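These protein sequence lines are chains A and B, in that order. Throughout the first sequence, residue numbering follows the working numbering, covering 1 to 479 in sequence. Throughout the second sequence, residue numbering follows the working numbering, covering 1 to 479 in sequence.
No lab work stands behind these hints: they were computed from the structure. The structure presented is a predicted model; accordingly, all values stated were derived computationally and were not measured. Glycine residues also receive a C-beta, built at the ideal position from the N, C-alpha and C atoms.
For lysine to any residue, the following SDA-like pairs were computed, each having C-alpha atoms within a straight-line distance of at most 25 angstroms:
no. : chain 1 : residue 1 : chain 2 : residue 2
1   : A       : Lys103    : B       : Leu105
2   : B       : Lys103    : A       : Arg101
3   : B       : Lys103    : A       : Pro92
4   : A       : Lys103    : B       : Ile87
5   : A       : Lys81     : B       : Glu98
6   : B       : Lys103    : A       : Pro108
7   : A       : Lys225    : A       : Glu147
8   : A       : Lys103    : B       : Glu88
Covered stretches of chain B, as calculated for chain A (at least 3 residues, CB under 8 angstroms):
no. : region
9   : 38 to 48
10  : 108 to 122
Short derived list, chain B residues pointing at chain A, Cβ under 7 angstroms:
no. : residue
11  : Thr73
12  : Leu74
13  : Arg101
14  : Glu158
2 protein chains.
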Amino acid sequence: MSSSNINFRITPRAVDHGQWYQDVIRAAGLAAYSEVPGCMIIEPNGCALWNRIRNCLGARIEATGHEDMMFPTLIPYSYFKREERHIEGFAPELAMIERLRGKVLEDPLCLRPTSETVIYRYFAERIQTRADLPIMINQWANVFRVEQRTLPFLRTMEFHWQEGHTAHFSEEEARAEALLMGEEYRRFIQDELAIPCISGRKTPRERFAGAVDTYTIESLMPSGKALQCATSHYLGSEFAGAFGVQCIGAGGALMPVHTTSWGMSTRIIGAIIMTHADDRGMVMPPRIAPVQVAILPVGGADDEAIQAMVRAVRDQLAAVGIRVRVDVSGERIGRQHYAWEKRGVPLRLTIGRTEVAAGTVTVTRRDTGEKVVLSLAGVEEKVAALLEAQHHSLLGCAAGRLADRTRTIETLADLEVGQAEGAGLFAAGWAGGEAEEVMLKERFETTIRCIPDRPCVTLPRCFLTGQPAREQVLIAKSY
Amino acid sequence: MSSSNINFRITPRAVDHGQWYQDVIRAAGLAAYSEVPGCMIIEPNGCALWNRIRNCLGARIEATGHEDMMFPTLIPYSYFKREERHIEGFAPELAMIERLRGKVLEDPLCLRPTSETVIYRYFAERIQTRADLPIMINQWANVFRVEQRTLPFLRTMEFHWQEGHTAHFSEEEARAEALLMGEEYRRFIQDELAIPCISGRKTPRERFAGAVDTYTIESLMPSGKALQCATSHYLGSEFAGAFGVQCIGAGGALMPVHTTSWGMSTRIIGAIIMTHADDRGMVMPPRIAPVQVAILPVGGADDEAIQAMVRAVRDQLAAVGIRVRVDVSGERIGRQHYAWEKRGVPLRLTIGRTEVAAGTVTVTRRDTGEKVVLSLAGVEEKVAALLEAQHHSLLGCAAGRLADRTRTIETLADLEVGQAEGAGLFAAGWAGGEAEEVMLKERFETTIRCIPDRPCVTLPRCFLTGQPAREQVLIAKSY
Numbered sequence: 001m002s003s004s005n006i007n008f009r010i011t012p013r014a015v016d017h018g019q020w021y022q023d024v025i026r027a028a029g030l031a032a033y034s035e036v037p038g039c040m041i042i043e044p045n046g047c048a049l050w051n052r053i054r055n056c057l058g059a060r061i062e063a064t065g066h067e068d069m070m071f072p073t074l075i076p077y078s079y080f081k082r083e084e085r086h087i088e089g090f091a092p093e094l095a096m097i098e099r100l101r102g103k104v105l106e107d108p109l110c111l112r113p114t115s116e117t118v119i120y121r122y123f124a125e126r127i128q129t130r131a132d133l134p135i136m137i138n139q140w141a142n143v144f145r146v147e148q149r150t151l152p153f154l155r156t157m158e159f160h161w162q163e164g165h166t167a168h169f170s171e172e173e174a175r176a177e178a179l180l181m182g183e184e185y186r187r188f189i190q191d192e193l194a195i196p197c198i199s200g201r202k203t204p205r206e207r208f209a210g211a212v213d214t215y216t217i218e219s220l221m222p223s224g225k226a227l228q229c230a231t232s233h234y235l236g237s238e239f240a241g242a243f244g245v246q247c248i249g250a251g252g253a254l255m256p257v258h259t260t261s262w263g264m265s266t267r268i269i270g271a272i273i274m275t276h277a278d279d280r281g282m283v284m285p286p287r288i289a290p291v292q293v294a295i296l297p298v299g300g301a302d303d304e305a306i307q308a309m310v311r312a313v314r315d316q317l318a319a320v321g322i323r324v325r326v327d328v329s330g331e332r333i334g335r336q337h338y339a340w341e342k343r344g345v346p347l348r349l350t351i352g353r354t355e356v357a358a359g360t361v362t363v364t365r366r367d368t369g370e371k372v373v374l375s376l377a378g379v380e381e382k383v384a385a386l387l388e389a390q391h392h393s394l395l396g397c398a399a400g401r402l403a404d405r406t407r408t409i410e411t412l413a414d415l416e417v418g419q420a421e422g423a424g425l426f427a428a429g430w431a432g433g434e435a436e437e438v439m440l441k442e443r444f445e446t447t448i449r450c451i452p453d454r455p456c457v458t459l460p461r462c463f464l465t466g467q468p469a470r471e472q473v474l475i476a477k478s479y
Numbered sequence: 001m002s003s004s005n006i007n008f009r010i011t012p013r014a015v016d017h018g019q020w021y022q023d024v025i026r027a028a029g030l031a032a033y034s035e036v037p038g039c040m041i042i043e044p045n046g047c048a049l050w051n052r053i054r055n056c057l058g059a060r061i062e063a064t065g066h067e068d069m070m071f072p073t074l075i076p077y078s079y080f081k082r083e084e085r086h087i088e089g090f091a092p093e094l095a096m097i098e099r100l101r102g103k104v105l106e107d108p109l110c111l112r113p114t115s116e117t118v119i120y121r122y123f124a125e126r127i128q129t130r131a132d133l134p135i136m137i138n139q140w141a142n143v144f145r146v147e148q149r150t151l152p153f154l155r156t157m158e159f160h161w162q163e164g165h166t167a168h169f170s171e172e173e174a175r176a177e178a179l180l181m182g183e184e185y186r187r188f189i190q191d192e193l194a195i196p197c198i199s200g201r202k203t204p205r206e207r208f209a210g211a212v213d214t215y216t217i218e219s220l221m222p223s224g225k226a227l228q229c230a231t232s233h234y235l236g237s238e239f240a241g242a243f244g245v246q247c248i249g250a251g252g253a254l255m256p257v258h259t260t261s262w263g264m265s266t267r268i269i270g271a272i273i274m275t276h277a278d279d280r281g282m283v284m285p286p287r288i289a290p291v292q293v294a295i296l297p298v299g300g301a302d303d304e305a306i307q308a309m310v311r312a313v314r315d316q317l318a319a320v321g322i323r324v325r326v327d328v329s330g331e332r333i334g335r336q337h338y339a340w341e342k343r344g345v346p347l348r349l350t351i352g353r354t355e356v357a358a359g360t361v362t363v364t365r366r367d368t369g370e371k372v373v374l375s376l377a378g379v380e381e382k383v384a385a386l387l388e389a390q391h392h393s394l395l396g397c398a399a400g401r402l403a404d405r406t407r408t409i410e411t412l413a414d415l416e417v418g419q420a421e422g423a424g425l426f427a428a429g430w431a432g433g434e435a436e437e438v439m440l441k442e443r444f445e446t447t448i449r450c451i452p453d454r455p456c457v458t459l460p461r462c463f464l465t466g467q468p469a470r471e472q473v474l475i476a477k478s479y
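Extracted from the complex, chain A is given alone in its bound form (with noise of 0.2 angstroms):
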């Protein structure tokens, strides 16, 4: 932990949302600028809970058949260019490299922005008959978006995700591939990271380059923003065409395989800041936080009775697998909890001459503040019932939260006077097309997040156009 980050105060999100963002941040030893543009230094705690996200999702993706490689980072920039709305989405996104020890590259190499292309050159060679079918792989990687505009965690030139990527025989095994990864990101942000979120399809226009389909899971933020916390595309026969990725079909004819791609990547701990952190710092989501609990003793560095109860206790619950710290700063009990709390510990246990005579301990709780005694006996149950209701507590806030801001519309009208009330997201009949988009994205800086699975409501005419609804729509401003 450091110390020189003890005394950082944190502007209050209701003055500046921006500057509170990036106060949480570096009070909570997440993340600190560094001098190359757009690139971040990730610190300890920022890194342990991306860590614990790599554990936890990694388990589920290797849960559901996927197996893990890891593809170059540099790509030939030849690559792109053969799937042609690929290189039209990503070619002002990449870095490249043109020489190498003074001789001009013919072909420059491309630090990889997505690894599509590398990786399909990979599935040619080894896809030649049905039974090489299906290949599901993933990779955690680092990649690169040459960005004008850059925000810790929401918007860097390098980033890290999991890419997940599949090849089948068949458009319907790889939409339900694409589904299914969908539905265990929704379920990954819903359970352990206490995000509620809403997963639907994006519009053509808001695809990924060259799919045909793209799964997203969305939430707002209580900016009134909505962030993109992980997307799923289904990318049809059209990008394995392109590379080859052919294999015999049922009359003997070479045909191309489905395929699909899906990642999350460090934005979504962007997305855990905005939508737990407080006032008072950053709030790790329990079951994910990489410490659950500290434990703060009081003043008792040298009293034996303390720091056997301290030790007790601490082995008490890390023997039920709960993540627990034990402050040995020294540092007066106030400035304990104070760095503690910055940090987003979600319980803080103080053991003193109190707990010691009385057989007790008495735990803050992050979320609320609230303070509760509890007695030593089966204390590892009662802290992880505490956990557990903090989860649920945090998950509640942020439902309710997303319920409040989120508004039906049926003119163009209710988009203006909701998003004048500070409403976020507007549920909305939808007959229009790309032009209609555009429009909406200059005029109001809304796009369409989504056409969701599961609408809140259904409006039978479009809000903009006023035709017969075609489908139903969710439409915010974004990260």
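Let chain A serve as the given structure and place chain B on it in line with the hints.
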């Protein structure tokens, strides 16, 4: 598991060592070539091995008080120029981005070959007083060094590693840290990977660019060449000085801190392959093996009694933490054996009608090919014992080979004879300097691998100059 690798033939090691090495890699599904020069694709079996190494070594790094961080991959070229010997060492190997969004960069961005420079900028910001020390961090990352000749795992343009970086108040503390991490590597490599190794110091010529002392862990491959498995550097205070990493010393004056760095890379997978694999394919050391036991059902896809026993044994093994997989390929038993053998799985358990009738399982050891029949009662303990036995057997074989191929030399003629007779590692007295090291490299393709911590003999005179020996050294060709 890739069905397309099943029929892959492995060139015998005695016929062509280089081809054997590459064949083992392909047949075992460890890695594949990519079209990007010098970059490889790490396949599922190789990636699972690296993930296990990451978890096990990572736990040791955490237990010794280090925290994970992630720094940017791109480092401004100007950073490298601050430490003269460092830029001298790395300049030829740097890959650079010279333009972004069409604009020429004044300060090009380098793909990190190692991260001291960017990490020291961060240290400089974090360290003011002695209370901020030590800082002890670790990073799992991909790094890039432009190489002219490449070999899978051993020498690639992009590779994966962990790099530890620490800053301390005193030289004593920093040296102790560098030595401790060297010792952690030695133990990890010997205890988990079953590779016997020698720890020692590098000569000035062989040190890391800019280091005051480099501690190395060397092993001898069956080819007769040494392989540097991991290194740990005491960097003195010059590196810190060049980057302004200072703290207020005893007299109130600013003093540069003392730093260390230490790393182990995917290169270690090359060492595992060469040390343990044979003409039948990969041999995974049991303690690190991603899959420790494969259960092969003998012709029993529809036989409920066989399937029930397969599940029961699988659950019994998994319950004590053994990493077990059931072969679900439906292939005939010979092909199942062949596939898992190539992949290097330590134990193969067959279960067919014979086994169901007798209440036994038949176990085949990967290293010796030996078969044992085990009764079901307490099978998990017997399997665990067989895994341990295989670990010790692999380590013993490799240690025997190391001893057999180490020779004491007292003259240059001894070296020539020893090389001709196929010895690999030469223990010698040394009083030479850089000129003599250059001669050894040019005439005999050998280098001083290290000045061992525990020399096997003490030779009074330098084998080259005849002068009284200043130190004892180990000389070898190397990867």
